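Q: Sequence:
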Amino acid sequence: MKNILIAIRSIFKKGRHNVMKIVSLGIGLAVGLVLIAKVYFEQSYDDFYPDRDRVYQVWAKYQQNGGELKDYPQTSGGIAPTMQQQIPEIETVTRYTSFGDWTFTMTDTKMKYSGRCIIADSCFFDILPRPMLIGNAKEVLSTPMYVLVSSRIAKNIGGDVIGKNFTVDSSPGRTMTIGGVFEEVPENSHSRYDVIVSMASAGRFMWEGSPTNMLGNDRYISYVKLHKGVNPLALEEQVHTFVNSYFPPEEQQKTGFNIGFSFHELDGLHKELPQVKRMTWILSLLAFALIFTAVMNYILIVISSIVNRSKEVAVHKCYGASENNIHGMMFGEALVHIVLSLILALLLILAFRGTVEELLATSLDSLLLSNGSLVLLGICILVFFVSGFMPGSLYARIPVASAFRNYRENKRIWKKALLLVQFVATGFLVTMLVFVARQYTFMVNDRPGYAYENLAYCGLAGVDSTSRAKILDEVMRLPGVVAATTVYQLPFEHASGNNILLPGETQELFNIADLYWVGNGYLDMMEIPVIQGRSFTENVTNSREVMVDRRFVEKMKLVAGWTDDVIGKDICVTEHSKWNEEPFTICGVYENIRLGGISNQDMRPSVLFYAHKPMYTLQVKFHELNNDSMARLQQKISETFPDRELNAISFRSEIMDLYKDSRQFRDSVMIGGLVTFLVTLIGLIGYTNDEVSRRRKEIAVRRVNGATLWDILRLFIKDIGYICIYAVILGGGIAYFVLQKWQEQFTEKVPLSWYIFLGCGVCVLLIIYSVVCLDARKTANDNPVNCLKSE
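This note's numbering applies: residue -3 is where the sequence shown begins, and numbers increase by one.
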């Protein structure tokens, strides 16, 4: 306690640089601890589910015509229930399908609310339970047109919500009844939802046989819960038997379509994803670089003060202080400084709470108020031990004779080693920032095969075809509108799949990304080139034409042996061609376009169909898309549909949202890099000041003997010159390795050009040398007499 009180009283003592130490350590801890909390959060997904070690998600395995075996985390609706009947080791099963974000209107108050909706069977909470606040989950999920809502939705609605009715805006005419309230799903869940519709209601929203079919319509997320002690690997034979009983090998061979299933443990569904594993270790590296740099900077400043404090420590030894007493002094100071640094870090985190939550896509409560706080506490204890032990060991070695003469031990090797670590971290983060920013800029500005800069769209789900035709006509009359049409599928959305067959044959050749139906002038609006044939014959009620992309033609050359022109050839597409007796004729080939984004690009061939009837998404092209044109479009939509919440959205904003994760990562690296750079500069200034003070008389003698200002500055530059160069090279090398791993998620990448690495290194070196020169310049210009008059 005595050491702590002494440390508190000496916080503002001259020559200790305590404020500098506390500020630099606090800033480093603020960013580093938040990143570590994010890493822990990503590794804690689904840890709140009981018996999660016995719960597995069922994935389908598909192989077409001897091609690559692919896993999909979705199955047909009847797979899981049928597995339970066939495999006795399975205790229970469940499945659900997502219905996206719902906007619904309360029948009594006419108030609108929104939330993510799923359709689940009655056993859903048997496997993925949530505490029920009101109602019986199994009963509600067994009753047609009944739903469960989360505590968040119930709180927003207010009052007793049981028995209240609402209608879904995208599905007019369907009235749902709230039958229960469950506790909101935590953020660290692989599946989050606000409304659960009973599976008994499925027939009102989709094909009635969807929950029980065994092949196709694979939109369901299925789970099995095994009996205790059952190893899923031991069930491979039974799963194989199950597959053969419902999908006979001869039928699979005939269609060229092989199917299988595998079990994936619930606990690893999120953290085993390649992108999560990649981001986890990169964020861990950033956090380590930040905290390590901050701690090394703290120790560097402490060591730099050793000359000034040598007599104080020696006097303590004269009065009987042992090495343990000296260690106690240093640990007391470290404790006070770290507590103050943590207070500063917490204040910074709270002050920039919105920025933190936006960058990490997680609420601050979830990051800090969880078991992850124990990890953060352990790191703080480690920081405290290192910050107290290393300086304590150095100070304990100060000889007693230092009380009577000047102490000349400068500890330059220690200080240079600590600077080296900080320079490596700075070089690494600066180089990372430059390339991450270049990759992000490349992605948001790259042309995906269609012109989107002046495009906007509006979802019309739940709007009848007459009203869709009306809004299409109204929008065409708006000033500045070049064209308007309707489509079923937007190119940056996830595309459903269908299979390609030749007329009269049963073998399914390959799977395509089905873009479904488009209206008049779609290709011209999107500026997608037609490279063979022509576009659709428009204003045809029942078109039998199909357009395919270049990938489709190349795929057909491989699997069907098509070598001549594909225009005029017939193909069958599952879901569109009933019983393979309603072929479509290829009328044109369009250039490949990017489906999805660079980080999640769908590489399957794609097809388009024509629809004369207006589809469910309005698409508008302007001469110039700006705030005024968007406002006019939104006003016209609101006037046409005053009782609905329909929003106009620019393609540009959606394209940028595709790369939200990359933008957040860029911003995280930028903040981390700036903080590391700031802490490094603080340490560098402290080191330079110490060296200038130690060599003041040497500098004066050199000036008397004719040394110029540049000669003096060159002494200090040479002192750390090689360290800087080695550190920047090492930092750039680490950045190159990390960037290679990070870019694995993108189908198109900016090149890791050597001259940019060189430029980053040179910039870091110039800044370091500039800081050293500016810091040493005053002493170098000082009158030598002022330094030598005491001699």
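Each hint should be verified, as a subset may be incorrect.
What the hints assert, rightly or not - Label-pair ranges, simulated between beta-carbon atoms:
{"id": "1", "residue 1": "Trp558", "residue 2": "Asp469", "range": "36 to 44 Å"}
{"id": "2", "residue 1": "Gly169", "residue 2": "Lys57", "range": "34 to 42 Å"}
{"id": "3", "residue 1": "Gln39", "residue 2": "Ile377", "range": "19 to 27 Å"}
{"id": "4", "residue 1": "His236", "residue 2": "Arg148", "range": "23 to 31 Å"}
{"id": "5", "residue 1": "Asn685", "residue 2": "Phe44", "range": "34 to 42 Å"}
What the hints assert, rightly or not - As a list, the in silico DSS-like pairs of lysine-lysine whose alpha-carbon atoms are at most 25 Å apart:
{"id": "6", "residue 1": "Lys714", "residue 2": "Lys412"}
{"id": "7", "residue 1": "Lys656", "residue 2": "Lys273"}
{"id": "8", "residue 1": "Lys106", "residue 2": "Lys656"}
{"id": "9", "residue 1": "Lys412", "residue 2": "Lys57"}
{"id": "10", "residue 1": "Lys151", "residue 2": "Lys134"}
Derived from the structure by calculation, the hints contain no laboratory data. All values reported here derive from a predicted model rather than from experimental measurement. Using N, Cα and C, we set each Cβ at its ideal position, and we do this for glycine too.
Q: Now look at each hint and say whether the structure bears it out.
A: We went through each hint and held it up to the structure:
no.	hint	verdict
1	Trp558 with Asp469: 36 to 44 Å	holds, 41 Å
2	Gly169 with Lys57: 34 to 42 Å	holds, 40 Å
3	Gln39 with Ile377: 19 to 27 Å	holds, 20 Å
4	His236 with Arg148: 23 to 31 Å	violated, 43 Å
5	Asn685 with Phe44: 34 to 42 Å	violated, 52 Å
6	Lys714 with Lys412	holds, 12 Å
7	Lys656 with Lys273	holds, 18 Å
8	Lys106 with Lys656	violated, 34 Å
9	Lys412 with Lys57	violated, 56 Å
10	Lys151 with Lys134	holds, 22 Å
Comparing the model with each earlier hint shows violations of hints 4, 5, 8 and 9; every other hint is respected.
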